[in-house]
Amino acid sequence: MKIFATVGHTRFDSLFKQIDKIQRDEWKFVSQMYDGAYTPTNGEHIAYTHEIDTYYENADVVITHAGAGTVYNLLEMGKPIIVVANSDRIDTHQEDLIRYVEDSRFAQVCRNLDELEGLISNVGDFVAEKYHSEPFVGAGDISKALGLID
Amino acid sequence: MVLISFIFVSLVQVVCMHEKVILVIYGRGGHKEQMRRLLNELRKSSPNLKFVSIADVDDKFGSQCHLKCPEPRDKFNLWSAPFKLIYSGTVSLIQSIRLVAKYRITGIVSTGPGMAVLPSMLFRLLGKQVVYIESWSRFYSASLTGRFMYCISNIFYVQNKTMMDIFPKAKYTGRL
Chain E
103 MKIFATVGHT
113 RFDSLFKQID
123 KIQRDEWKFV
133 SQMYDGAYTP
143 TNGEHIAYTH
153 EIDTYYENAD
163 VVITHAGAGT
173 VYNLLEMGKP
183 IIVVANSDRI
193 DTHQEDLIRY
203 VEDSRFAQVC
213 RNLDELEGLI
223 SNVGDFVAEK
233 YHSEPFVGAG
243 DISKALGLID
Chain C
4 MVLISFIFVS
14 LVQVVCMHEK
24 VILVIYGRGG
34 HKEQMRRLLN
44 ELRKSSPNLK
54 FVSIADVDDK
64 FGSQCHLKCP
74 EPRDKFNLWS
84 APFKLIYSGT
94 VSLIQSIRLV
104 AKYRITGIVS
114 TGPGMAVLPS
124 MLFRLLGKQV
134 VYIESWSRFY
144 SASLTGRFMY
154 CISNIFYVQN
164 KTMMDIFPKA
174 KYTGRL
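Taken in order, these protein sequences are the chains called E and C.
Mapped onto the numbering used here, the consecutive letters of the first sequence carry residue numbers 103 to 252.
Mapped onto the numbering used here, the consecutive letters of the second sequence carry residue numbers 4 to 179.
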C-alpha cells in the first residue's frame, strides 16, 4: 500500500516519529515535511511542493494533518484519508474540523498517534461518507459591498 | 532624466488613484486557499477585478501591489504568540496606510488570520467597507480574529451553519 503523509505548511515532527515506529514491508511511505527538525527514515521524504496533487493521486491513502485547506482538497478528490490532530501545536485550532470530519464519517481521524498503525490497517474496511458542502454564493454580495459592481 | 522619471512616477500614481481596487488580506495555508477560491468567485461577478494585497506569503494571485507581512501566529510557543500578533498587526497597519495613500481602495476583504484586524479598524475609521469571512474550519467555536472582526466588519460571513449560533448577526453563505 502506498501511503503519503502530509503536514502542509506546518511542523509536525511527532507524526514522522510515529511513522518511523511502523515496520510493515507492504506499506511504502512518502512523507512531505515542512520546517520540522526531525527527518523521517521510513520510506522517502520530500519538501512541500506545488505539485502535491500528484502525490495525492499516486497514494492509496493519505495521512494528513488537520489543516482545512489540505483536508477539504483531499475530500473533494474523494481520496481515502486519515486526519491526524497535530499534537505539537499549542492551540486547539484544528479540533473543530476533526470533530466535523469524524461526526460526518468523511474519514478516519486520529487524536492519539499510538492508534495510527491500527487506523492504517483499517483503511480497506472503513466506509467513508461522500463529502459534500453547500457552494459559496456570497461573491455577488461582496462585489456589490466593495463597489466592484453596481 | 530625473524630470522624466518624476513625471512617469506621477502619472503612474494618478492612474493608480483613479482605478478602483480592493485590499485583500490573508495568511498562509488554509487562509490562502480560501482567498484563492474567493478571488476566483469574485472574478466571475467582476471580471475586471483589481486588488492589492497583504499576506504572510508571496503573491500567487496577480495582485497589483503585494506587501508581505510577518506571520501573526506562533503555533508552537505560548509566550511569543501575543508579541508576534502585535508585531504582525502593526506592520500590516503601516502597509495598509501605504496602500491607501497610493491606491483608490474601496474596501477590505479578508479570510484571516489576525493581521487583518488593525487595517480593518483603520478602514472603518476612513468610512470604507470591511468584509470578513470566518474560517471554514470553524464549526463549533469562534476564532479570536473572528470575535474581533465580528465587531469591526460591515459584513461578516460564516461558512458553516452551526456558526450562526455563535455569530447570530453573521451571514451564512456556503463554503468556499
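Bear in mind the hints are in silico, worked out from the structure with no lab data behind them.
Since we're looking at a predicted model, the values are computed, not measured.
One or more of the hints may lead you astray.
To be verified - Derived BS3-like pairs: lysine-lysine, alpha-carbon spacing no greater than 30 Å straight-line:
1) 181/E - 105/C
2) 246/E - 87/C
3) 23/C - 174/C
4) 123/E - 246/E
5) 47/C - 87/C
6) 105/C - 246/E
7) 246/E - 23/C
8) 35/C - 87/C
9) 172/C - 246/E
10) 131/C - 119/E
11) 47/C - 232/E
12) 35/C - 104/E
13) 119/E - 47/C
Unchecked claim - Ranges between beta-carbon positions, derived for each pair:
14) 129/C - 104/E: 26 to 34 Å
15) 153/E - 67/C: 49 to 57 Å
16) 125/E - 50/C: 50 to 58 Å
17) 243/E - 144/C: 19 to 27 Å
18) 143/E - 109/C: 16 to 24 Å
To be verified - Partial list, computed: chain E residues near chain C (C-beta under 10 Å):
19) 141
20) 145
21) 148
22) 149
23) 151
24) 154
25) 156
26) 157
27) 160
28) 179
29) 197
30) 201
31) 244
Glycine included, each C-beta is placed from N, C-alpha and C at the ideal position.
Residue 50/C and residue 125/E - C-beta distance against the hinted 50 to 58 Å: 55 Å, holds
Given hint residue 154/E near chain C, where the shortest CB pair must fall under 10 Å: Because about 12 Å separates residue 154/E from the closest Cβ in chain C, which is outside the 10 Å limit, the hint is violated.
Satisfaction of hint between residue 105/C and residue 181/E, Cα-Cα up to 30 Å: Judged against 30 Å, a Cα distance of about 46 Å means the pair is violated.
Status of the hint placing residue 149/E at chain C (closest C-beta pair under 10 Å): 15 Å, violated
Hint consistency between residue 123/E and residue 246/E [alpha-carbon to alpha-carbon, up to 30 Å]: Roughly 55 Å between the alpha carbons, so the hint for residue 123/E and residue 246/E is violated.
When the least beta-carbon distance from residue 244/E to chain C is tested against 10 Å, hint result: 5 Å, holds
Chain C contact restraint for residue 141/E - C-beta distance below 10 Å: Violated, about 18 Å.
Cut-off 10 Å, beta-carbon criterion: hint that residue 148/E touches chain C: 18 Å, violated
49 to 57 Å as the expected CB spacing between residue 67/C and residue 153/E, which holds or is violated: 28 Å, violated
Cβ separation of residue 143/E and residue 109/C, checked against the hinted range 16 to 24 Å: 53 Å, violated
Restraint check for residue 47/C with residue 87/C, where alpha carbons must lie at most 30 Å apart: Violated, because 36 Å separates the two Cα atoms, which is more than 30 Å.
Interface hint status, residue 179/E versus chain C (Cβ within 10 Å): 14 Å, violated
Hints 1, 2, 4, 5, 10, 13, 14, 15, 18, 19, 20, 21, 22, 23, 24, 25, 26, 27 and 28 from the list above are not met by this structure, while the remaining hints are.
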